[in-house]
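*Asks:* This is what each chain is made of:
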Amino acid sequence: MSDASLNTNLQTQEAGFGDYFALLKPRVMSLVVFTALVGLLAAPVDVHPMIAFASILFIAVGGGASGALNMWWDADIDAVMKRTQSRPIPSGKVTRDEAFAIGMTLSVFACIMLALASNIFAGLLLAFTIFFYVVIYTMWLKRWTPQNIVIGGAAGAFPPMIGWAVATGGVSVESVLMFTLTFMWTPPHFWALCLFMKSDYKDAGVPMLHVTHGRKSTRTHILVYTLLLAVVAVGMAFTGVGGPIYLTVALILNGLFIAGAISIWRRDEEVAEADNYKREKSFFGLSLLYLFLHFGAILAEATLAPYGLGGW
Amino acid sequence: MGFQVEHELHKRRLGRNVGLAAVLVGFIVIVFGLTVVKVTRGDYEPENAAIQN
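Top line first, the protein sequences correspond to chains H and W. Each residue of the first sequence is one higher than the one before, counting from 0 in numbering that gives the first Met the number 0. Each residue of the second sequence is one higher than the one before, counting from 0 in numbering that gives the first Met the number 0.
Among these hints, one or two may not hold up.
Computed spacing ranges between beta-carbons, pair by pair [as the list claims (entries may be wrong)]:
hint	chain 1	residue 1	chain 2	residue 2	range
1	W	Glu-46	H	Trp-311	33 to 39 Å
2	H	Gly-213	W	Gly-32	51 to 57 Å
3	W	Glu-44	H	Val-172	30 to 36 Å
4	H	Thr-144	W	Ala-20	41 to 47 Å
5	H	Leu-288	W	Arg-12	39 to 45 Å
Which chain W residues face chain H? A few, computed with CB under 10 Å, are given here [as the list claims (entries may be wrong)]:
hint	residue
6	Lys-10
7	Arg-12
8	Gly-14
9	Gly-25
10	Gly-32
11	Leu-33
12	Arg-40
Okay, derived cross-link-like pairs now, DMTMM-like style, lysine to aspartate or glutamate, Cα gap no bigger than 20 Å in a straight line [what the hints assert, rightly or not]:
hint	chain 1	residue 1	chain 2	residue 2
13	W	Lys-37	H	Asp-45
14	W	Lys-10	H	Asp-18
15	W	Lys-10	H	Glu-13
No lab work stands behind these hints: they were computed from the structure. The beta carbon of each residue, even a glycine, is placed where N, CA and C say it ideally should be.
Just chain W, same shape as in the assembly:
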């Protein structure tokens, strides 16, 4: 038998941590995707700087 007893509190904290991790990973993926789209389309080239969509 392990020394540490698994409790509902630990499950809840784990859920919070996993949830936050998923949010952060999702945010990284979105920023990466947006960057790829904008750079590929040349949004940041000087002549296209005014076009944002």
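Same shape as in the complex, but just chain H:
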């Protein structure tokens, strides 16, 4: 008997390398890499390119490890939600135990390697970020309170602070502001997604705001958080990481974002359903561009500063 005569169904369930990589949530990792890189390059201390590259890589691995632990804990609800049903665990390609082992191993590995490559503070901050995402957000807040995404959003906001810490070995007003920008951006971004994902979270029993407080209240929350976000985003232009390029980008994007939030706030469910949540979807798309361009503008200011073009 050759191996080829084994049960075909079992064979197709065996994971490939890409399935293990998918455990690390590559799309989230790309955001982590980009914001951490901006934090590192915007810091007023030069970092050797090799150390910068290795540090960003270990931050990415740490972010990926927390993604694997999130999938390990949330395997039951991932199997219910359409958006997450094709993830490696619910699709049967990777077991929960494997995800846990990979997540824990990579978490420890990434924190130790980051501490060795850059400094201990950066390693500890990465460890705290993983702890916050896995224990505070995934295990505690996510299934308990509709404010889950508000507080849990902090986990996704730490990478630029870690990048800054790699360069400086500490925290400063600028790095806290970069944290605040992502922190304030997360709720409107996620709530817009919730509005057009409809019953996914309700089916999984996750108390998202639109499930517990209704969709009208969620629309109001999106507007309020968007206004608060605009204050932070535009205010950052007048700090050490800001400048005329950033200010221009921030004014345009926040104008568009506020207009989108007002438009969402004024709509009722019947109208939204009639056009298949067109505005909610475009607001969500804009939110991705919003964060990318804000951090891109910070990067532009930092890159052009040595030539006398960036900053004030």
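Keeping the supplied structure of chain H fixed, place chain W upon it in accordance with the hints.
*Replies:* Then chain W, alone, in the frame of chain H:
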């Protein structure tokens, strides 16, 4: 005709092994690069021990 039939399962396992090998080689290269940079800059000299970047 060979005795062993190549199956999708084998391809997947090969992909996993090659992927893991690439990760391990990449890790060795990174650790080597970091070591060269840190030693060349004298990070481990007693007077520079506090400077880590």
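*Asks:* Compare the structure with each hint and give your call.
*Replies:* Each hint tested on the structure:
1. W:Glu-46 to H:Trp-311: 33 to 39 Å: 37 Å, holds
2. H:Gly-213 to W:Gly-32: 51 to 57 Å: Check passed, 54 Å falls within 51 to 57 Å.
3. W:Glu-44 to H:Val-172: 30 to 36 Å: Once the Cβ atoms are compared, 33 Å apart, the range 30 to 36 Å for H:Val-172 and W:Glu-44 holds.
4. H:Thr-144 to W:Ala-20: 41 to 47 Å: 45 Å, holds
5. H:Leu-288 to W:Arg-12: 39 to 45 Å: 40 Å, holds
6. Lys-10: For W:Lys-10, the interface hint holds, since the closest Cβ of chain H sits about 8 Å away, which is under 10 Å.
7. Arg-12: 8 Å, holds
8. Gly-14: 5 Å, holds
9. Gly-25: Cβ of W:Gly-25 sits 9 Å from chain H, so the hint holds.
10. Gly-32: Hint holds; W:Gly-32 Cβ to chain H Cβ min 5 Å, cut 10 Å.
11. Leu-33: Constraint on W:Leu-33 satisfied, holds at 6 Å.
12. Arg-40: Holds - the Cβ of W:Arg-40 comes within 10 Å of chain H, reaching about 7 Å at its closest.
13. W:Lys-37 to H:Asp-45: 15 Å, holds
14. W:Lys-10 to H:Asp-18: Distance ~14 Å between W:Lys-10 and H:Asp-18 Cα, so the pair holds.
15. W:Lys-10 to H:Glu-13: 11 Å, holds
Violated hints for the displayed structure: none, as all numbered hints are satisfied.
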